[in-house]
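J.: Sequence:
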Amino acid sequence: MADLTPTPQQPGLHVAKPAKDIPAHGSYACRCGTTGRARGDDNVRDLVAVWIDHRNTCPHR
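When the letters of the sequence shown are read in order and numbered with the working numbering, they come out as residues 771 to 831.
These are calculated hints, taken from the structure and not from any lab test. Ideal Cβ placement from N, Cα and C applies to all residues, glycine included.
Here are the computed lysine to any residue pairs in the SDA-like style, where the Cα-Cα straight-line distance is at most 20 Å:
id: 1; residue 1: K787; residue 2: D811
id: 2; residue 1: K787; residue 2: R807
id: 3; residue 1: K787; residue 2: L774
id: 4; residue 1: K787; residue 2: D812
id: 5; residue 1: K787; residue 2: P776
id: 6; residue 1: K790; residue 2: D816
id: 7; residue 1: K787; residue 2: D773
id: 8; residue 1: K787; residue 2: R815
id: 9; residue 1: K790; residue 2: G810
id: 10; residue 1: K787; residue 2: V814
id: 11; residue 1: K790; residue 2: N813
id: 12; residue 1: K790; residue 2: R809
id: 13; residue 1: K790; residue 2: D811
id: 14; residue 1: K787; residue 2: V818
Label-pair distances were calculated between CB atoms; the ranges are:
id: 15; residue 1: D823; residue 2: Q780; range: 18 to 26 Å
id: 16; residue 1: L774; residue 2: R831; range: 14 to 22 Å
id: 17; residue 1: P829; residue 2: P793; range: 31 to 39 Å
id: 18; residue 1: T775; residue 2: A819; range: 16 to 24 Å
Please construct the entire structure, taking both the sequences and the accompanying hints into account.
T.: Here you go:
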């Protein structure tokens, strides 16, 4: 299986929740070098919000 973890060279957001009873996990990376990781459903929701804010304001998109 391919590694879907985002990197500054291949930026983006990756979120996974393999089953209803397993906590979500996610990560993001931007071309500017900013990265983030989270585990747990609520933390991943917050991570997605941070990524969206960053993506909308970063000049390196």
